[in-house]
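J.: One letter stands for each residue in the lines below.
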Amino acid sequence: MPDFGSPVRAGGGFRPRVRLLFLLGTMSVCFVLIAGRLVWVQGVDSSHYAALATIQRERTITLPASRGEIVDRNGNILAMSVDAKTIIADPHQISDPQAEATQLATLLGVPAADLVNDLSNGSGFSYVARQIDPATATKIMALNLPGITDVDDPKREYPDGQLAAQVLGFVGSDNSGLSGLESTDNAALAGKPGTEEIQADPAGQEIVSAGSQETPPVQGANIQLTLDQDIQFETESVLAQAVQSYHASGGSIVVMQPSTGDVLALANYPTFDPNEFATATADDMTDRAVSDVYEPGSTNKVITASAALESGAVTTQTVISVPDTLKVAGSTFHDAEYHPTLDLTLPQILEQSSNIGTIKIALQVGSSTLDKYLLKFGYGQPTGIGLPGESAGLLPTLRNWSGTTLPTTAIGQGVAITVLQMASVYATIANGGIWEQPKIVAAEGNAAGKMVAPPSAPPHRVIQPQTAKTITQMLLQVIDGSTGTGGEAAIPGYSVAGKTGTAEKPVAGGYSGYVASFMGYAPAQDPQLVVGVVLDQPTPIWGADTAAPTFKTVMQYALQRLGIGPGPASPAASGSGGPPLPAPARSGDAPAYPLPDPSSLPVAPGATD
Amino acid sequence: MARRIDTREEDTARRVRHLIVLPGGGADPVPEIVPLPEPAEPVVGSAALQPAAVTVPLEAPAHPGLRLRLRVISRTVTAPKAPTMPFIVFASVLVSLAVLGLVVLRVMVDQASFHVDDLSTRVAQQQSSLTQLNYDVSVADAPGAIASRAAALGMVPATRIQPLPTPSAPAPAGGSTGSAAGSASGGGG
Numbered sequence: 001m002p003d004f005g006s007p008v009r010a011g012g013g014f015r016p017r018v019r020l021l022f023l024l025g026t027m028s029v030c031f032v033l034i035a036g037r038l039v040w041v042q043g044v045d046s047s048h049y050a051a052l053a054t055i056q057r058e059r060t061i062t063l064p065a066s067r068g069e070i071v072d073r074n075g076n077i078l079a080m081s082v083d084a085k086t087i088i089a090d091p092h093q094i095s096d097p098q099a100e101a102t103q104l105a106t107l108l109g110v111p112a113a114d115l116v117n118d119l120s121n122g123s124g125f126s127y128v129a130r131q132i133d134p135a136t137a138t139k140i141m142a143l144n145l146p147g148i149t150d151v152d153d154p155k156r157e158y159p160d161g162q163l164a165a166q167v168l169g170f171v172g173s174d175n176s177g178l179s180g181l182e183s184t185d186n187a188a189l190a191g192k193p194g195t196e197e198i199q200a201d202p203a204g205q206e207i208v209s210a211g212s213q214e215t216p217p218v219q220g221a222n223i224q225l226t227l228d229q230d231i232q233f234e235t236e237s238v239l240a241q242a243v244q245s246y247h248a249s250g251g252s253i254v255v256m257q258p259s260t261g262d263v264l265a266l267a268n269y270p271t272f273d274p275n276e277f278a279t280a281t282a283d284d285m286t287d288r289a290v291s292d293v294y295e296p297g298s299t300n301k302v303i304t305a306s307a308a309l310e311s312g313a314v315t316t317q318t319v320i321s322v323p324d325t326l327k328v329a330g331s332t333f334h335d336a337e338y339h340p341t342l343d344l345t346l347p348q349i350l351e352q353s354s355n356i357g358t359i360k361i362a363l364q365v366g367s368s369t370l371d372k373y374l375l376k377f378g379y380g381q382p383t384g385i386g387l388p389g390e391s392a393g394l395l396p397t398l399r400n401w402s403g404t405t406l407p408t409t410a411i412g413q414g415v416a417i418t419v420l421q422m423a424s425v426y427a428t429i430a431n432g433g434i435w436e437q438p439k440i441v442a443a444e445g446n447a448a449g450k451m452v453a454p455p456s457a458p459p460h461r462v463i464q465p466q467t468a469k470t471i472t473q474m475l476l477q478v479i480d481g482s483t484g485t486g487g488e489a490a491i492p493g494y495s496v497a498g499k500t501g502t503a504e505k506p507v508a509g510g511y512s513g514y515v516a517s518f519m520g521y522a523p524a525q526d527p528q529l530v531v532g533v534v535l536d537q538p539t540p541i542w543g544a545d546t547a548a549p550t551f552k553t554v555m556q557y558a559l560q561r562l563g564i565g566p567g568p569a570s571p572a573a574s575g576s577g578g579p580p581l582p583a584p585a586r587s588g589d590a591p592a593y594p595l596p597d598p599s600s601l602p603v604a605p606g607a608t609d
Numbered sequence: 001m002a003r004r005i006d007t008r009e010e011d012t013a014r015r016v017r018h019l020i021v022l023p024g025g026g027a028d029p030v031p032e033i034v035p036l037p038e039p040a041e042p043v044v045g046s047a048a049l050q051p052a053a054v055t056v057p058l059e060a061p062a063h064p065g066l067r068l069r070l071r072v073i074s075r076t077v078t079a080p081k082a083p084t085m086p087f088i089v090f091a092s093v094l095v096s097l098a099v100l101g102l103v104v105l106r107v108m109v110d111q112a113s114f115h116v117d118d119l120s121t122r123v124a125q126q127q128s129s130l131t132q133l134n135y136d137v138s139v140a141d142a143p144g145a146i147a148s149r150a151a152a153l154g155m156v157p158a159t160r161i162q163p164l165p166t167p168s169a170p171a172p173a174g175g176s177t178g179s180a181a182g183s184a185s186g187g188g189g
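Chains A and B, in that order, are what the protein sequence lines are.
Using my numbering, the first residue of the first sequence is number 1, and each one after it goes up by one.
Using my numbering, the first residue of the second sequence is number 1, and each one after it goes up by one.
These aren't lab readings, by the way, just hints derived from the structure by calculation.
Don't take every hint at face value.
As the list claims (entries may be wrong) - Heads up, simulated SDA-like pairs for lysine to any residue below, C-alpha to C-alpha not over 20 Å straight-line:
hint: 1; chain 1: A; residue 1: K139; chain 2: B; residue 2: S128
hint: 2; chain 1: A; residue 1: K139; chain 2: A; residue 2: G109
hint: 3; chain 1: A; residue 1: K505; chain 2: A; residue 2: G380
hint: 4; chain 1: A; residue 1: K139; chain 2: B; residue 2: Q127
hint: 5; chain 1: A; residue 1: K139; chain 2: B; residue 2: Q125
As the list claims (entries may be wrong) - Some residues of chain B that are not near chain A, with every Cβ distance over 10 Å (derived):
hint: 6; residue: K81
hint: 7; residue: P83
hint: 8; residue: V95
hint: 9; residue: L102
hint: 10; residue: V109
hint: 11; residue: G144
hint: 12; residue: M155
hint: 13; residue: I161
Being a predicted model, the structure only gives us computed values, none of them experimental.
Beta carbons are placed, not taken as given, at the ideal position from N, Cα and C, and that holds for glycine.
Construct the entire structure; sequences and hints are all you get.
T.: Structure, rendered in structure tokens:
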């Protein structure tokens with residue numbers, strides 16, 4: 001029987017049983033610790049360690065979504081994304097920046113000295129080259145340079161350069177729209193990036209055989225515009241030529257289809273190339289036709305005439321005595337040119353663009369009626385075309401009208417609208433009095449991949465068809481009449497209805513400079529196209545001399561481009577399509593027209609032609 | 001008095017039962033051995049190796065008052081060892097073939113993965129080339145590019161274009177957009 005009495009043996013040291021017990025205890029403690037750790041790692045904190053393991057092994061690659069294309073009404077590409085690669089560097093992994101820079105510089109076509117800093121800036125990330133073509137990127141990656149890698153980085157391209165630049169806008173380096181339709185329709189165009197989860201080895205190389213889990217990207221939707229690429233190009237070319245020829249500071253032209261509201265061209269000058277938007281100024285990028293307002297001047301007189309006819313204040317036969325000056329509410333208004341007192345009808349007043357005649361008619365119409373028709377034609381509210389920064393224009397509320405508001409508004413001063421709004425006014429008359437919302441986006445791709453038209457405001461009637469027809473008759477006389485101001489807009493073989501406008505330009509504290517404009521449509525008996533031209537501070541100042549010939553060039557091209565024939569003979573010439581217009585009635589011994597050169601006469605206030 | 005315990009034969013082919021009658025109550029210390037009954041049918045195979053009853057002598061209980069209990073014990077009869085080498089060889093070959101098959105299959109799958117990856121890369125490259133070509137076509141097809149090329153070739157824009165009226169019937173008013181309308185009116189283009 002062993003003696004357990006003392007743990008210490010006689011010769012020193014512990015007895016075996018004690019040692020065993022001690023060892024057992026030690027091992028038990030170790031086991032408990034290990035077991036506890038095991039429970040902790042496998043049970044309590046398992047998700048954390050699983051995540052760590054996943055991070056070490058798995059990589060998530062973002063699959064960029066291809067941005068949708070923007071095409072014109074005929075499918076011509078106006079904006080598209082092309083594949084590109086961005087070369088990035090991890091300077092921590094680069095031991096010889098100079099050598100790598102030398103190799104990269106050869107392929108990138110940049111000085112090696114420019115790259116050395118990028119490769120040795122001490123950070124863990126730097127761009128070497130952004131959005132280069134994939135072929136060059138492949139050559140770079142074939143060099144197997146340490147710390148150099150590439151990533152997909154699609155690049156937005158505009159094949160037509162500056163064509164419709166303000167309409168299209170541009171995107172930033174992150175492929176997010178910054179202006180134009182690229183901005184307003186960014187959600188639809190951008191799509192949704194996908195992801196690919198891959199297994200990677202410690203060196204970061206994909207383990208191809210391990211498979212991957214891919215969530216494919218949702219490609220951006222395409223957008224089809226109402227623009228016609230050729231008409232847009234010609235319009236921009238003509239506008240640029242007009243601005244330069246007439247030494248204007250800028251201008252805008254809108255081409256519309258009155259029956260649908262489709263905008264076929266929307267040109268602004270100055271303009272820019274969205275491929276190089278970084279070099280453009282804010283003025284270049286402004287979509288003047290929808291963002292900038294101007295006082296329309298005489299082109300506004302069709303609204304006064306419409307209100308007069310609709311309200312019954314006057315008829316086309318009503319003769320009005322028109323002096324060359326008129327005092328209203330303490331202010332004296334002038335016609336653009338001196339003339340003796342004339343007896344004019346409404347068509348003649350419009351043909352000769354008489355300010356005084358228009359004001360006298362407006363006085364019979366009254367403020368509330370004129371205000372009502374201004375609102376019905378869309379003044380003071382954006383058209384809702386869907387372009388960013390659209391202005392509502394400036395229209396004083398009726399209760400704020402002063403004694404001079406009625407006469408100034410009647411001749412298109414004291415109110416401000418955009419070129420698009422004014423083109424829409426003429427489109428309404430051309431469309432038989434029915435307002436159609438101007439449209440720039442014809443269709444957008446939906447989730448099912450089909451192109452569908454975006455919702456638009458329903459059309460509504462503004463004036464009666466007979467009123468619209470009568471106004472058209474008057475506008476024909478503006479072009480074809482012997483005393484009409486719009487003779488420069490006449491197109492051989494076609495009947496053109498239109499109106500010139502020359503308005504003073506408001507500046508802080510008064511007026512300075514002029515805005516020349518012409519609004520018209522053709523063929524007059526069955527209007528297919530409306531063209532609105534506005535030139536900012538041209539020389540000469542008159543719309544009849546600058547905007548009207550510009551209108552003619554654009555309209556003529558658009559008619560030919562769309563294959564629109566002249567149609568039946570002009571109703572004004574044939575007598576069909578409406579009541580015959582009365583012959584001009586002159587008062588007293590007034591001299592026959594033409595009157596003296598208008599450019600030699602003072603024009604104020606409300607100088608309109 | 002010795003007790004006789006009846007046992008049932010359940011599996012005589014696999015078991016040999018030993019019926020031992022132990023003295024009960026300490027009255028008769030000598031155990032009585034009761035031979036097992038003969039199997040009803042001859043047993044074949046390894047089960048035929050039925051051993052004879054084994055008698056285990058018991059010592060007299062140290063304590064006469066102690067009551068002995070009976071229990072049935074059994075012993076599995078093992079068959080004589082068959083030659084195992086063929087089986088081992090067969091199993092080894094089978095396992096080797098299975099492992100080899102799996103390795104070959106895995107290699108093929110991996111090769112296919114690389115092939116698929118290679119094809120995917122080529123598809124992406126082709127897609128990229130297609131996009132680039134579309135872009136190049138769009139650039140060349142842009143009105144500005146065409147106008148510049150035309151000007152370089154000495155062409156000038158037509159300035160005097162007039163529609164030709166048809167004497168038989170008036171041209172359609174306006175017509176629709178498109179080249180068809182243009183040809184119908186005679187003023188297109």
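J.: All the hints need checking, so say for each whether the structure fits it.
T.: Structure-based check of each hint:
Note on K139 of chain A and S128 of chain B: the hinted pairing holds, with a Cα-Cα distance of about 16 Å set against a maximum of 20 Å. Between K139 of chain A and G109 of chain A the CA atoms are separated by roughly 13 Å; this keeps the pair inside 20 Å, and the hint holds. Simply put, K505 of chain A and G380 of chain A have alpha-carbon atoms about 19 Å apart, close enough for the 20 Å limit, and the pair holds. In summary, the hint linking K139 of chain A to Q127 of chain B is supported, as the alpha carbons are separated by about 18 Å, within the 20 Å threshold.
For the suggested pair K139 of chain A and Q125 of chain B, the alpha carbons sit about 14 Å apart, so the restraint of at most 20 Å is met. Every CB of chain A is more than 10 Å from the CB of K81 of chain B (nearest about 41 Å), matching its label as outside the interface. Residue-level check passed: P83 of chain B sits 43 Å from the nearest beta carbon of chain A, beyond 10 Å. Taking the minimum C-beta to C-beta distance to chain A, about 24 Å, the non-interface status of V95 of chain B holds against the 10 Å cut.
A cut-off of 10 Å between C-beta atoms confirms that L102 of chain B is not in contact with chain A; the least separation is 14 Å. For V109 of chain B, the non-interface assignment is contradicted: its Cβ lies about 7 Å from the closest Cβ of chain A, within the 10 Å cut-off. Against chain A, the non-interface label of G144 of chain B is violated: not every CB pair exceeds 10 Å, the least being about 6 Å. The beta carbon of M155 of chain B is kept farther than 10 Å from every beta carbon of chain A, the shortest such distance being approximately 15 Å.
At the 10 Å boundary, the C-beta of I161 of chain B falls inside the reach of chain A, the nearest C-beta of that chain being 6 Å off.
Going through the hint list in order, the structure does not satisfy hints 10, 11, 13.
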